[in-house]
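Trainee: Given next are the chains, with one letter for each unit.
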Amino acid sequence: MIGRVSSSAINSTLVGHIQNNYLDFAKLTEQLSTGKKINSILDDTLQSVNIINSNRQLGKIDIWSANIGSLTNEIKQSSETIELVMEKGQRAKDLATSAANGTSNKDNLISTLTELDNIIKSVVDMANTSYNGNYIYGGTNTKTQPYSIQYGIDADGNPTDEIIGIKYNGTAIDGDWKRQLEIADGVFETCNVTGMAAFGECDVEPVYQADGVTPVLDADGNPTYTENSNSGIMGDLIDFRNALSDTIKKLEEQENLPENATQAEKDAIGAEIKACYDSINGLLDGFDDSITQMTTVNSKFGTVTNKLEMSTEALSTSKLNLEEYISGIQDLDITEAISQWYTSQTAYQASMQTATSIMSMSLLNYM
Amino acid sequence: MSSLFSALNISAGALQVNQSAISIVSNNIANINTEGYSKQKVNLGTLVINSPISNNVDAQVDSSIGVEIVSVSRYTTTFLGSYYRNQISEQANYNEQAQIASDIAGVFDELQGKGLDKELEDFYAALDNLSKSPTDKTTRISFIDSASTLTDKMNKLSSKLNEIKNQNVGDGISQSELNKSKITQSINELNQKIEDLAKINQMIASSQTGTLENNNLLDKRDLLLKDISKYGNFEESIQENGTVNLKLDGTQIIYGTTIKSKFNVKTAAQYDEYCQQNGIENKNECNAVVYIEKNDGSTIPNINNKFESGEIGGILKANTGSEDKNINTVLSDLDTLASTIANVFNEIQTQKGAYYLENNNGTIQLSNANLENYEIFTTKDGSDTIKADNITINSIFKEDDGYNKIATAYFPDNQIDYNAVGNINNIISMINTKNDTTTSGFDSIGNISFNEYYNGIIGKVASNSDYKTNLATAQDSIVASLDNKIKEQTGVDLNEELSDMVKFQTAFSASARVFETCNNMLETLVHLGE
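Respectively, the protein sequence lines represent chains A and B.
Each position in the first sequence, counted from 1, maps to that position plus 20 in the numbering used here.
Each position in the second sequence, counted from 1, maps to that position plus 95 in the numbering used here.
Take these hints with a grain of salt, some might be off.
Listed below are the simulated DSSO-like cross-link pairs for lysine-lysine, each with C-alpha atoms no more than 30 Å apart in a straight line [as the list claims (entries may be wrong)]:
{"no.": "1", "chain 1": "B", "residue 1": "Lys555", "chain 2": "A", "residue 2": "Lys57"}
{"no.": "2", "chain 1": "A", "residue 1": "Lys56", "chain 2": "B", "residue 2": "Lys232"}
{"no.": "3", "chain 1": "B", "residue 1": "Lys213", "chain 2": "B", "residue 2": "Lys598"}
{"no.": "4", "chain 1": "A", "residue 1": "Lys80", "chain 2": "B", "residue 2": "Lys232"}
{"no.": "5", "chain 1": "B", "residue 1": "Lys529", "chain 2": "A", "residue 2": "Lys80"}
{"no.": "6", "chain 1": "A", "residue 1": "Lys57", "chain 2": "B", "residue 2": "Lys248"}
Rather than coming from a laboratory, the hints here were simulated on the basis of the structure.
Bound conformation, chain A alone (with noise of 0.2 Å):
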């Protein structure tokens, strides 16, 4: 059979061609103007779904990275603190060091007195530390100051500014006193450890009587205390201090003895002197106890910091290749399209040439 052409066919063919032609164009130039072969999901759906999770990932990692950043300035805090700590207690260690060999006169054991007050204060200051508006060894009570100084009462229940206690006001060690961030899909890691845990406490109270406004007075006339809880290096330093003034107070007895004291009596006092003495001398342990501890929860930090920097690296990684992989999808080969946008430019030049040539052509170019 032989096909009969009609000039509407062939007019329509042609503009057929010529809008497939400039549909190329078109789409070319939309890619090489804005630099992306996908510019909406209709491009390429599947492709589409990809980038769309592959950004959800990118920005979900830098969540995780911000809040990797954010846990180890934490945790550097923390640590710093801890340390400046164990410099104190490893201060009030030579002190006590000092005080247990007996050479000491009563004056020097006072101006140790006062120095231990001045480290006792500073060590709840720092225990006090506040990172970003919040304490950082309060476990989750960030807005109740962890350590307050407990002061003792003269015998009518006035407050004086003798120091007794340092008592612990943070989430309690068998409580849930976790802080974290998510640094990986459903990885919490914690910033921060009970000041239990790294100082202890030493929770002292007056004992009154049954109108609770009376203090109780021992046989001395001295009001009485006690101690709810002592452990870590705030125990020691209450101890340390409780040895040191009550030797303090022996040493006073004995310069107030009498001039005709018998020699017994002296001996007496002499003794309690040397008990006092080897009970300070009995605390130098618990001291480096105390700083050992400090020293486990400051390496705890450490392994977290090592771990976060490794999560830090392998996130980067991470962000890097998903990166690449968008780019691979979505970012457009310029080379590739500008070769054939000038292809595409060319064929749709040349269907508009052809189309214009042959629907002038007829019969009646020759009549």
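Position chain B against the provided structure of chain A, taking the given hints into account.
Mentor: Just chain B now, with coordinates in the frame of chain A:
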């Protein structure tokens, strides 16, 4: 022996025939660009007389009496048949569905920042910030803001989808929305075409009473049939006399020259009322219901599912009906997402053991009083069902100090420490909803995460658009190639016409010369006697 007048007559006849032929050529050229016009061809035949010839050579000569036009026929092709019109119907159907599918996909175009993804991401990022500083007013307020941005976006997505739906089938209630919708427009156009076809039928019936065809009317009829097939899948039967009868699923639409049925459309609400009045079970899911009004006064109340293809079928399918990924399923997926997000977070927020912050004269402490009233998400319209279009954030959080009402802390077994304001166990539970989807709250979305479920929606919507566009493109090229074949076979070709013109012109000139010669011969005879 033939007379000279006979030769004169033959050539005079030939002059007339060729002149008529030229007029057909002229008509062809005039209509070269007319849509639906088929090339017409003059069929010439020898004039014959039935007289005995026997051995009489004169009689034999006398029997040649010239040329006549037997008929004028139009070029037709089998391609122009019902197959072509079915393809047109499919094409309109696919194109309509592809258009709507791509409109829907456009609503979720994440690559152009249009979907829900960014808002979900920001929401979780705000939660994360909250876990860093649970007592900080700024992080609390920014979490509340991100939650309300999320709900706003869900409202917006839902309203955009509904807008697309309204444009196509109205909102199901308001008559004016329905009148503005595409379905009404299509139905009106269809009715107009049916009227036109009935008129053409009438003209054909009164014109084609003999054996000859009225080519121009038949062209018009075919063009109308093609137009009508764009709207739906009609059964046509062409009669002897050239008229065409039309049925839709067995219901007579046009019979001969009369319109038997007309299409109309009502809102879902009106249909619901109709169903109640007539005790019919209402299975309609579409905002618009197409129905038939017969000219005998009876009606067929719902023929939505009778439009298998065509533009009307496409509109109806893309908006409701049996199609898996129509706009209704997308809307209900979005509603499910909204209600699941709301339920999951509300449950964590108000669970037993959860605590929020309370500012007691400057001291911040934990509290759980009235916790059950502090659900994060609720509805705008006070309804019990949270959907994408009514989800909003509980107004309590926007009040002064409301930001403190987000329950950040959680204590199991009543181990409450009212000072543990830095406890973020409840936020961790919220953050974990990203990955841990085993809780019963996630049952409604198949125990996958919000992101995955939302991915499913995007994937479905985009691949549906892709699929429909591909179908439409394929169908376009089928129709285009059919169109081309039809144009090739029935269209007017200028060169053909010009050569015909030269042919008939030459024949005309030659006949004129013969006429002149005969005339000269006659004159010679007349002057013989002078």
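Trainee: Kindly indicate which numbered hints from before are broken by the structure, ordering the numbers from low to high.
Mentor: Result: hints 2, 3 break, sorted rising.
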